[in-house]
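Based on the hints, put chain H in the right spot on chain R.
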Amino acid sequence: MSAALLELEDVEARYGPVHVLHGISLAVEEGSIVTVLGPNGAGKTTTLRAISGTVRRAGNIRFGGRSLQRVGPDGAARLGIAHVPEGRGTFSELTVSENLRLGAYTRRGSIQPELERVFSYFPWLSERRRQQAGTLSGGEQQMLALARAFVLRPRLLLLDEPSLGLAPVLVAELFRIIRELNEEEGLTVLVVEQNAHLALQAADAGYVLEAGHVVLSGSSADLMADDSVRRSYLGY
Amino acid sequence: MVTAATSRLEGLRGRAIDPGATTVVLLLLGVAVFLLVGCLQSKNFAQYTIQGIALGSVYGSLALALVLVYRATHVINFAQGELAMFTTYIAYELMLHGFSYWAAFAATLAIAFVLGTVLQVTIIRPVQHRSVIATVIVTVGLFVLIDGVVNWIWGGDLKSMKSPFGNGFFVVGGVAIQHLYVGMVIVVFASAVLVWALFRFTKLGLGMRAAALRPAAASLVGVRVDSMLAIGWGLAAVLGGVAGLMAEPSQFLLTPTFMQPILVYAFAAAVLGGLESPAGALIGGLLIGVMLTLLVGYEPHIGPITITSELQLPFSFVVLLLILLVKPSGLFGRREVRRV
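Top to bottom, those sequences are chains R and H.
For the first sequence, the numbering used here gives the first residue as 10, with consecutive numbering after it.
For the second sequence, the numbering used here gives the first residue as 495, with consecutive numbering after it.
Careful, some of the hints might be misleading.
Computed spacing ranges between beta-carbons, pair by pair [what the hints assert, rightly or not]:
{"id": "1", "chain 1": "R", "residue 1": "R188", "chain 2": "H", "residue 2": "G524", "range": "50 to 60 Å"}
{"id": "2", "chain 1": "R", "residue 1": "A230", "chain 2": "H", "residue 2": "S823", "range": "49 to 59 Å"}
{"id": "3", "chain 1": "R", "residue 1": "V224", "chain 2": "H", "residue 2": "A710", "range": "22 to 32 Å"}
{"id": "4", "chain 1": "R", "residue 1": "S76", "chain 2": "H", "residue 2": "S594", "range": "51 to 61 Å"}
{"id": "5", "chain 1": "H", "residue 1": "T616", "chain 2": "R", "residue 2": "H28", "range": "33 to 43 Å"}
{"id": "6", "chain 1": "R", "residue 1": "R116", "chain 2": "H", "residue 2": "A710", "range": "12 to 22 Å"}
Sample of chain R residues with no beta-carbon within 10 Å of chain H, all distances over it, derived [unchecked claim]:
{"id": "7", "residue": "D19"}
{"id": "8", "residue": "P48"}
{"id": "9", "residue": "E102"}
{"id": "10", "residue": "P122"}
{"id": "11", "residue": "L207"}
No lab work stands behind these hints: they were computed from the structure.
Beta carbons are placed, not taken as given, at the ideal position from N, Cα and C, and that holds for glycine.
Chain R extracted, bound-state conformation (with noise of 0.2 Å):
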């Protein structure tokens, strides 16, 4: 098996003198959702901040072969990442083509192609490119957020809680286009979700985290067998 696109090892967090990660490492392959499960406050946001760079963070992070011990939230969108944070890090004061042109901030030329192709998947973007993204439902904010982090053609996508707040034939949508695009574009996708059941179905593999340790990992069926994701995350 090849090298992993993304691999954290012994990656460790804090926010001022508060531990939240005590060593967590996992592994994202190319081309594969990974999703990580948890209860609140168990680091899994705090995991895709150590990635992406916005939370300072000690131990190995390499994405591609690369070490991103000394890469900024900047840096990384540069190299690929796009992370979605909670709360969608929409431009709420900005319109709707605004935003998607911002996803392809660091892409030189064109980007009309990538335009095509992301209302392709979100037909309803175009005809409200010029409406104030704030002005968006929830659920439209989300899928902008998703169609935002899509025109970078990102390597990596990281996605916090996609389905928070949303209604559940939303969420449903969100998770059917997550894969859609996993598997026509061979899209990576590392997943942060509280509704574990749709998330373990989407994805190959899961991570299940608690109080900043790694507790529980392996392919999503290994981990929908387990007697206590079910109890625990699953509900039955």
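Chain H alone, transformed into the frame defined by chain R:
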């Protein structure tokens, strides 16, 4: 499907309309009608109004510089006026060395840009993340520093530059309009339009707006936030430079303190405009300029009291105070539309 699910929100599409916007538009229309009627009634009134518009555009230009910095870093740059004064001295020096007015003008604005950028990187950036108050204190320090340096290099005596627009005037309906006033308005508005176009139509401008609105989210899409803020300071210094260069030939002779009253008027203009609104800063500048000029020029006698130019500064403070008390968000204060 998304399209089906979201079509229920069809009724909520489009930009939300700010209920206060209509009031503001009516108010401004009222002012415009008042000024127009005044100008038609009295040549004297028209004369002062025109002068007020020209001076107001200068205040607006400096106010715009304050707004750019405020939007980017949420601090008021108290040294903005002194920075403009410094760059005006540079233009003066260049002309002494044989530069033509417009060559000196262009070179000065380029120097202003570099100066603004370098100042942000060297003295603002290190304190910016600590606290707003620390940053403000640094700008006050910068004010004193520039003042000292200029006095040391050029001394405190009056200097003057030749007017870039000559001493001619147009006569329109019996009212003399100096070329200078027309020139000032054109130069200020042309620079404002250029800056607006930069923000509105270029990728750099988009990155700057993103960095100012949401620094964290902007860096996640690859925007170099620190560079954007530095460029923002550079652009503010350019607009301040325009204000200094246009103020000098009109009314204010070149001294180390000549931008200080203008800074106060620019504060009033920026606050009147809403502090976050570039268009508001320009309109605020025009309003303040016309108000102050008419106040001391047109009908300076209220009963036994004669209003002289000494009262312009206190008056602009009263305006500032009234806005802060009555409508702190100003005429065009940003009301964010956000639905989660």
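Unmet hints by their number, sorted upward, for this structure: Checked against the structure, the only hint that fails is number 9, while the rest are satisfied.
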